[in-house]
Amino acid sequence: MNSRSTSTGLVASAAEAMRSQPASPETMETTSWLAGPAAVDLKSVTHTFRSLDRSTVTALSDIGLEVRRTEFVSIIGPSGCGKSTILRLISGLLKPSSGTVSVFGLPVTEPRDDIALVFQRPTLLPWLSVLDNVTFPEKHKTGRVSKETSAGALEILEMVGLQDFLHKRPSELSGGMQQRVAIARALLQDPDILLMDEPFSALDALTRDELSVELLDILIRRPKTVVFVTHSIQEALLLSDRIVVMSPRPGKVTETITVPLPRPRGLNSMLDPLFAEMTGEIRSKVFTRTRH
Amino acid sequence: MLLSRLAPVLTLLGALLAWEAICVVLAVPTFILPRPSQIIAAAQEVPLGTWLENIAATLQIVLAGFCISFAIAIPLAMVLVNSRQLSNTVVPLLVVIQSTPIVAIAPILVVSLGAGVLPRVVITCLITFFPLVISTATGLRSAPAELIELSESLRAPRFRQFTQIRLPYAVPHILGAAKVAVTLAVIGAVVAEFVAADKGLGYMIVNYTAVFKLGRAFCALLILLCISLTLYQLVVLVERTFFSWSLPSRS
Numbered sequence: 003m004n005s006r007s008t009s010t011g012l013v014a015s016a017a018e019a020m021r022s023q024p025a026s027p028e029t030m031e032t033t034s035w036l037a038g039p040a041a042v043d044l045k046s047v048t049h050t051f052r053s054l055d056r057s058t059v060t061a062l063s064d065i066g067l068e069v070r071r072t073e074f075v076s077i078i079g080p081s082g083c084g085k086s087t088i089l090r091l092i093s094g095l096l097k098p099s100s101g102t103v104s105v106f107g108l109p110v111t112e113p114r115d116d117i118a119l120v121f122q123r124p125t126l127l128p129w130l131s132v133l134d135n136v137t138f139p140e141k142h143k144t145g146r147v148s149k150e151t152s153a154g155a156l157e158i159l160e161m162v163g164l165q166d167f168l169h170k171r172p173s174e175l176s177g178g179m180q181q182r183v184a185i186a187r188a189l190l191q192d193p194d195i196l197l198m199d200e201p202f203s204a205l206d207a208l209t210r211d212e213l214s215v216e217l218l219d220i221l222i223r224r225p226k227t228v229v230f231v232t233h234s235i236q237e238a239l240l241l242s243d244r245i246v247v248m249s250p251r252p253g254k255v256t257e258t259i260t261v262p263l264p265r266p267r268g269l270n271s272m273l274d275p276l277f278a279e280m281t282g283e284i285r286s287k288v289f290t291r292t293r294h
Numbered sequence: 707m708l709l710s711r712l713a714p715v716l717t718l719l720g721a722l723l724a725w726e727a728i729c730v731v732l733a734v735p736t737f738i739l740p741r742p743s744q745i746i747a748a749a750q751e752v753p754l755g756t757w758l759e760n761i762a763a764t765l766q767i768v769l770a771g772f773c774i775s776f777a778i779a780i781p782l783a784m785v786l787v788n789s790r791q792l793s794n795t796v797v798p799l800l801v802v803i804q805s806t807p808i809v810a811i812a813p814i815l816v817v818s819l820g821a822g823v824l825p826r827v828v829i830t831c832l833i834t835f836f837p838l839v840i841s842t843a844t845g846l847r848s849a850p851a852e853l854i855e856l857s858e859s860l861r862a863p864r865f866r867q868f869t870q871i872r873l874p875y876a877v878p879h880i881l882g883a884a885k886v887a888v889t890l891a892v893i894g895a896v897v898a899e900f901v902a903a904d905k906g907l908g909y910m911i912v913n914y915t916a917v918f919k920l921g922r923a924f925c926a927l928l929i930l931l932c933i934s935l936t937l938y939q940l941v942v943l944v945e946r947t948f949f950s951w952s953l954p955s956r957s
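Keeping their order, the protein sequence lines are chains A and B. Adding 2 to a residue's 1-based position in the first sequence gives its number in my numbering. Adding 706 to a residue's 1-based position in the second sequence gives its number in my numbering.
To be clear, the hints were calculated from the coordinates, so they are not data collected in a lab. Remember, predicted model here, so these are calculated numbers, not experimental data. For every residue, glycine included, the Cβ atom is placed at its ideal position computed from N, Cα and C. Don't take each hint at face value.
The calculated lysine to aspartate or glutamate pairs, modelled on EDC-like cross-linking and capped at a C-alpha distance of 20 Å, are [what the hints assert, rightly or not]:
id, chain 1, residue 1, chain 2, residue 2
1, A, 149, A, 160
2, A, 254, A, 200
3, A, 45, A, 283
4, A, 141, B, 852
5, A, 143, A, 174
6, A, 141, A, 192
7, A, 143, B, 751
8, A, 141, B, 945
9, A, 97, A, 64
10, A, 141, B, 759
11, A, 97, B, 855
12, A, 143, B, 945
13, A, 97, B, 858
14, A, 143, B, 852
15, A, 254, A, 279
16, A, 97, B, 852
17, A, 141, A, 116
Computed list of chain A residues with no C-beta within reach of chain B, every gap over 10 Å [stated by the list, open to error]:
id, residue
18, 55
19, 59
20, 64
21, 93
22, 95
23, 99
24, 117
25, 118
26, 125
27, 127
28, 128
29, 139
30, 151
31, 171
32, 219
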């Protein structure tokens with residue numbers, strides 16, 4: 003459990019940092035994350051849809067993206083570049099117009115059990131308590147909540163610091179706490195892949211940093227593959243192993259940047275000179291692409 | 707604070723006093739416009755048993771009409787939300803029904819359906835149906851897209867998407883429509899009784915005005931008003947008791 007402190011001294015090189023995501027010694031089998039197919043694999047994916055005036059809009063154009071197991075990849079780009087569409091394609095909620103989307107080597111044809119979503123808004127059910135909201139996916143899918151799930155919910159809610167709010171309604175919580183509940187709800191589904199669609203963008207700056215650090219912490223305890231859509235360069239740098247920069251519509255991948263910041267990371271990582279340097283670098287890339 | 711609380715009551719009392727005064731000053735005959743005091747006195751001209759019997763008759767139509775309408779409207783709204791094609795077919799028909807003047811169709815229905823309770827209930831249903839269906843459908847569609855996506859990503863059975871997400875989200879809309887519909891149900895019942903009935907408060911009003919017993923007609927009107935207000939308050943009570951989460955928080 004106390005993996006953060008034990009792994010502090012381990013990280014040296016950038017390459018080392020990249021695979022230190024599953025930082026506890028027993029999960030650090032250096033080859034396991036390399037073996038087998040990629041967690042997520044998009045090959046020349048194009049997605050078009052019909053807009054209200056019946057014209058065809060190309061949301062994504064020829065996207066190639068590979069996410070390895072337990073890798074944290076952020077997708078950054080201007081509004082409307084199809085970032086969220088990528089998540090919906092991976093989750094199986096949408097089918098690509100052309101190209102293939104594979105998860106763990108299998109083409110995605112329908113939503114999978116091992117993928118969970120976190121949205122920009124917490125979207126909790128206002129009539130349910132915090133606890134019932136977290137166990138809702140199982141209740142919704144199977145009609146009942148097993149004892150194990152209830153126990154797991156308590157554990158996860160404690161992990162996100164909400165153990166004293168189990169029986170509160172969402173309206174009694176702050177925005178940050180509500181989003182914690184939404185994250186707990188996704189974690190309780192015990193997904194291998196976590197898709198997060200600007201999960202912190204509706205929060206104030208302080209809560210944002212706090213939740214980012216908490217997410218880093220959670221991922222050390224429960225390593226997962228994460229695809230994270232964001233507008234914030236700093237958030238992407240703090241959290242990611244790799245950052246994918248996208249251009250505005252039609253959305254294209256213009257740049258993939260590996261983040262060499264050592265792990266485990268925390269708010270102090272933002273003080274690293276490398277952090278500031280990379281912020282500038284990415285900003286220039288996002289910026290030049292957004293205005294032609 | 708006390709004054710602002712009493713203001714509506716004082717205003718009402720003032721209006722009643724003015725009514726009384728004007729009738730006295732202008733010497734308006736009772737059969738043209740009875741004074742409030744004469745209306746109260748007129749209530750006692752009719753035995754309590756008769757009042758109760760007629761109240762029960764009207765209330766029966768109101769409640770039966772509203773409940774049947776509600777029981778059809780909610781499932782129909784669910785079907786409409788589920789199928790765009792059905793929605794495109796049925797909603798125009800509903801608009802046609804809603805646009806039909808209920809007072810005009812009432813005599814026709816009485817001829818077609820006979821003079822019993824049935825046409826009265828049908829008329830009450832017709833007048834309450836539209837707001838219930840449309841509001842419920844709107845409410846069912848108001849569930850956040852993300853929750854529907856969550857439901858789809860879980861591959862949950864579709865009926866649970868309705869029972870666990872869409873219907874609860876529709877509750878504020880349904881209750882809002884129910885508030886409108888219960889008061890409309892009273893109107894529907896009275897209109898039906900105007901056309902053909904042998905008892906009921908609407909029937910009393912028609913009869914008493916025909917013989918210039920305006921005081922008694924006013925009493926029946928007052929009772930109808932009380933029924934409307936009580937039914938409305940009952941819906942509010944249901945809302946506060948069972949669906950308090952759906953009310954805007956006061957903090």
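**Report entry** Hints not upheld, ascending by number
**Finding:** 3, 5, 7, 8, 10, 12, 15, 21, 22, 24, 25, 26, 27, 28, 29 and 31
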